[in-house]
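Q: First to last, the sequence lines map onto chains A and B.
Note that the numbering used here has the first sequence beginning at 51, numbered continuously upward.
Note that the numbering used here has the second sequence beginning at 206, numbered continuously upward.
Hint data in this document are derived by calculation from the structure and do not stem from the laboratory.
Just so we're clear, the structure is a prediction, and the values are computed from it rather than from any experiment.
Beta carbons are placed, not taken as given, at the ideal position from N, Cα and C, and that holds for glycine.
Some clues are possibly wrong.
If we take Cβ atoms under 10 Å as the criterion, some of the chain A residues that face chain B in the derived model are [unchecked claim]:
{"no.": "1", "residue": "Ala106"}
{"no.": "2", "residue": "Ser216"}
{"no.": "3", "residue": "Arg329"}
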Amino acid sequence: MIIRSLTLLVLAVVAIGCSGLQAPLNPAGPSARSIAWLTWTFFTICGVVYAVTLSALIWAVMRRRRDEDDSPRTSRRLGTVVGAATAVTVMTLVVLTISSIVAGRGLTTPSGAGAVVIDAIGHQWWWEFNYQDVAPSDWVNSPNELHLPAGVPVVIRALSRDVIHSFWVPNLQGKRDLIPGILTYLWLQADQPGEYRGQCAEFCGPQHAHMAFRVVVQPVGEFQEWLRQQRQSAASPASAEAQHGQDVFMQSTCRTCHTIRGTEAGSRVGPELTHVGSRRSIAAEALPNDRTSLTTWIRNAQLVKPGSRMPPNPLSETDLKAVVAYIQGLR
Amino acid sequence: MSAAAARDEAERERRALERTWAVPGGFLGWFKVSDHRTIGKRYIVTAFVFFILAGIQAALMRLQLAIPENTVLGPDRYNQLFTVHGMTMMFLFAVPVMEAMGIYLVPLMIGTRNIAFPRLNSYSYYVYLFGGIMLYAALFTNTGPDTGWFSYVPLAGPDFSPGKRVDMFAQLITFTEVAALAVAVELVVTIFKLRAPGMSLNRMPLFVWAMLATAFMVIFAMPAVVSSSTFLLLDRLVGTHFYNPAEGGDALLWQHLFWFFGHPEVYIIFVPALGIVSSIIVTFTQRPAFGYTALVLALIATGFVSFSLWVHHMFATGLPLLGLSFFTAASMIIAIPSGVQIFCWIAALWRGRPRFQTPLLFVVGFIVIFVLGGLSGVTLASVPLDLQVHDTYYVVAHFHYVLIGGAVFPLIGGIYYWFPKMTGRLLNEPLGRWNFWTLFVGFNITFFPMHIVGLQGMPRRVYTYPANMGWTTSNLISTFGALFLVAGGVMLIANVIRSARSGALAGDNPWGADTLEWSTSSPPPVYNFLELPVVEGRHALWERSADPPVVTGVRSDKREVLVTDVMDAEPVHLSDMPIPTIWPFISAVVTAGFFVTSIFTPWALVYWAVPIFVALTGWFWPKQGEEGDTLEDKQAIPAESAA
Numbered sequence: 051m052i053i054r055s056l057t058l059l060v061l062a063v064v065a066i067g068c069s070g071l072q073a074p075l076n077p078a079g080p081s082a083r084s085i086a087w088l089t090w091t092f093f094t095i096c097g098v099v100y101a102v103t104l105s106a107l108i109w110a111v112m113r114r115r116r117d118e119d120d121s122p123r124t125s126r127r128l129g130t131v132v133g134a135a136t137a138v139t140v141m142t143l144v145v146l147t148i149s150s151i152v153a154g155r156g157l158t159t160p161s162g163a164g165a166v167v168i169d170a171i172g173h174q175w176w177w178e179f180n181y182q183d184v185a186p187s188d189w190v191n192s193p194n195e196l197h198l199p200a201g202v203p204v205v206i207r208a209l210s211r212d213v214i215h216s217f218w219v220p221n222l223q224g225k226r227d228l229i230p231g232i233l234t235y236l237w238l239q240a241d242q243p244g245e246y247r248g249q250c251a252e253f254c255g256p257q258h259a260h261m262a263f264r265v266v267v268q269p270v271g272e273f274q275e276w277l278r279q280q281r282q283s284a285a286s287p288a289s290a291e292a293q294h295g296q297d298v299f300m301q302s303t304c305r306t307c308h309t310i311r312g313t314e315a316g317s318r319v320g321p322e323l324t325h326v327g328s329r330r331s332i333a334a335e336a337l338p339n340d341r342t343s344l345t346t347w348i349r350n351a352q353l354v355k356p357g358s359r360m361p362p363n364p365l366s367e368t369d370l371k372a373v374v375a376y377i378q379g380l381r
Numbered sequence: 206m207s208a209a210a211a212r213d214e215a216e217r218e219r220r221a222l223e224r225t226w227a228v229p230g231g232f233l234g235w236f237k238v239s240d241h242r243t244i245g246k247r248y249i250v251t252a253f254v255f256f257i258l259a260g261i262q263a264a265l266m267r268l269q270l271a272i273p274e275n276t277v278l279g280p281d282r283y284n285q286l287f288t289v290h291g292m293t294m295m296f297l298f299a300v301p302v303m304e305a306m307g308i309y310l311v312p313l314m315i316g317t318r319n320i321a322f323p324r325l326n327s328y329s330y331y332v333y334l335f336g337g338i339m340l341y342a343a344l345f346t347n348t349g350p351d352t353g354w355f356s357y358v359p360l361a362g363p364d365f366s367p368g369k370r371v372d373m374f375a376q377l378i379t380f381t382e383v384a385a386l387a388v389a390v391e392l393v394v395t396i397f398k399l400r401a402p403g404m405s406l407n408r409m410p411l412f413v414w415a416m417l418a419t420a421f422m423v424i425f426a427m428p429a430v431v432s433s434s435t436f437l438l439l440d441r442l443v444g445t446h447f448y449n450p451a452e453g454g455d456a457l458l459w460q461h462l463f464w465f466f467g468h469p470e471v472y473i474i475f476v477p478a479l480g481i482v483s484s485i486i487v488t489f490t491q492r493p494a495f496g497y498t499a500l501v502l503a504l505i506a507t508g509f510v511s512f513s514l515w516v517h518h519m520f521a522t523g524l525p526l527l528g529l530s531f532f533t534a535a536s537m538i539i540a541i542p543s544g545v546q547i548f549c550w551i552a553a554l555w556r557g558r559p560r561f562q563t564p565l566l567f568v569v570g571f572i573v574i575f576v577l578g579g580l581s582g583v584t585l586a587s588v589p590l591d592l593q594v595h596d597t598y599y600v601v602a603h604f605h606y607v608l609i610g611g612a613v614f615p616l617i618g619g620i621y622y623w624f625p626k627m628t629g630r631l632l633n634e635p636l637g638r639w640n641f642w643t644l645f646v647g648f649n650i651t652f653f654p655m656h657i658v659g660l661q662g663m664p665r666r667v668y669t670y671p672a673n674m675g676w677t678t679s680n681l682i683s684t685f686g687a688l689f690l691v692a693g694g695v696m697l698i699a700n701v702i703r704s705a706r707s708g709a710l711a712g713d714n715p716w717g718a719d720t721l722e723w724s725t726s727s728p729p730p731v732y733n734f735l736e737l738p739v740v741e742g743r744h745a746l747w748e749r750s751a752d753p754p755v756v757t758g759v760r761s762d763k764r765e766v767l768v769t770d771v772m773d774a775e776p777v778h779l780s781d782m783p784i785p786t787i788w789p790f791i792s793a794v795v796t797a798g799f800f801v802t803s804i805f806t807p808w809a810l811v812y813w814a815v816p817i818f819v820a821l822t823g824w825f826w827p828k829q830g831e832e833g834d835t836l837e838d839k840q841a842i843p844a845e846s847a848a
């Protein structure tokens, strides 16, 4: 049993070490690193405690019985051993508590000057990330794709518009619940450019399983460039087909939920689509962002995410193809 | 008096007792029964039926999760299944089955003839049964709750869960809390007032101590969940705004109220199991309990501290870190009484000469699994660590280690241990060993990989997962392990069914145990004890004099029991137990009618007021010959000796 558990543990360590887009023990920022360090400390100490307890149990069960076992002296000695074991337990717990509190304080350290503030808003079942700026016209809204500058502290303002969700990018920081009516903050920082995955961690309804997002960490300059690009209004349709797609979009139910800045579509029920063509995936990481997926998704999203708020769209094949072309052009 | 005359006298006494305490017969009699053995057995069997149903749900979920992007179950069905699985395990299996063990065993262990408030006991069983039937009627009509067993608002509120699914959740809680509170009150009174003379508190069996601590925890924990589920029902039914932030309500209020109940709930399940473990270890080492006082204090300390842990379910909600630190400390502190108990049991095994029969195997398995679950619990007490693993499969692994390892293993050990007392026949020993090893291996194969997949970032309560996350192997192993658990469950059922009919006859005390239930026949007679025992030591049957004293002067022509005082169990007076009637059943029917109707209309309160009034009036209607004699007439004298 122990051997099997140990083998599994070794396998696990290996597995955790090499997978890792969404793994707490594969830290890519200071907070996650200190939690990972704390985790290994806890695991080591608890592992030793488990090994000692189990050895004592095995010894107790296997040992040869002797006549003096029933003497009061044996009981007294055992009492002393139990007392000592309890004292060691208390001391171990004190050490663990203190190290936990010390590590916890580090996680809430106020960010330095120049921190980027991002609103993370949870919706059933997608994410909205808002980058505020001095002029409201410069605000950027990036659904399901969180862009971060590398090496810069970031403050996440956690909000929810419907039910409780939980914002969690394990490689960067522990999770934080998004609770309607309560505004909370979370500080995180990513060391290096790279991509990670975040996922809703609090059960939030039928499509909780498909409520993930992508974290794109970029060098500061590239991040600024991305912001600048995202601030622009939507690109005009580049082809006749895309133009037809835009017409279909504006005349069908699409515009009752989505915003495309620079057009008359301005509803905030669903994710903003102004730059949807620039994103890597759609439907909160449920599908890659390509022609086939977009077609499937627009025709009947319920086949991919049953229960999702996106209704089926009975468009003709030509119209559907045109809408997809239009959407893909929104870079 | 000659020996023959004494024998005749004893035989007359026995016949009289049999008549007085007779179980009502016939079809209607089935609904009148109020003796603790019958109700206890019904409770246990019903709870195991729900356990099997919840196990089937778990197997279906494992099937869905075996491979990524599986489509055996859609999200709607999966979410109902995990919700009903959790609710069944917590509300319809674990708590009731532990209380049922108390209902059956406590009166026998403390040497009395029935549980206090027997009609309430019968009422509680039917309320519990009807609650369970309601939940499963809902599930089978596709109206099963689908927001998780702790149904956080606003998801469970009227805006995001229209329909009646969540109301089923709220009302199931109402059903089970009424049933649980009733049993808790019965147990406290039984333990405090009906103990055999001589069984002072410091001589009480550890199982009885555990049930006492549990009963108090139920009494203090349930009001919080009564409020929370009632507020939820009101929000959903009459448009109050307790949990609606838009109107000044608070979504976190639910979490505080629910977990103030929800964390003690875990210990309500776990503490009776500790009592079972202590009983088995004493019997199978054939030695007095090691560290009796420490074990009792640990049980009580666990009960107290369990009420100061609830916020560790809410570390991610953004409460201030300083406040959270107190809950970290409290969560660490509860490891101390658990540790003390584990150390005492290991010391008892070290010192004694353990006989490794099935019950003790389950206890050793319990220690191996529970210590690991306890240690993963220590890791969860740390705020930063919890922020990473909270709501992941790591937590799923943790609570299955503490609940299955910590409660179900001792419970099954307890079933193997007490089955001979309940039925008169032993369970099959070789099959029992197979049963243990299958469950032990299967359990670890199923749940150990969940630690790993949790640390790899897999959140709980997802009906499917992408293939590229590296979670596939662990999930497949877990599903494979579930096969062993199913096999283990089948073995247990087969063993119970086979042994109940043709198992080896047990005799009064097959294990050479120390507690009073083993001094009467197996199964016990309707009056439990022919002569009410007097207790001379902590281990009643091991410290009995050659010619043990018994209580005399308790009437056999009416349901009379001896009432003793709380501390020293000195006889105080005699009291009548009520005779069986149909009214508790009728009261349970109207209670159920009221609870179910109030899912649909607030007028239920009005509609059902009259039936409830009628039922309770019938229940409490004084009957001739049932009033007690005056106190002075009822002084009982425990005789020095029968002869």
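Q: Confirm or reject each hint.
A: Verification of the supplied hints:
no., hint, in the structure
1, Ala106, "holds, 5 Å"
2, Ser216, "holds, 6 Å"
3, Arg329, "violated, 17 Å"
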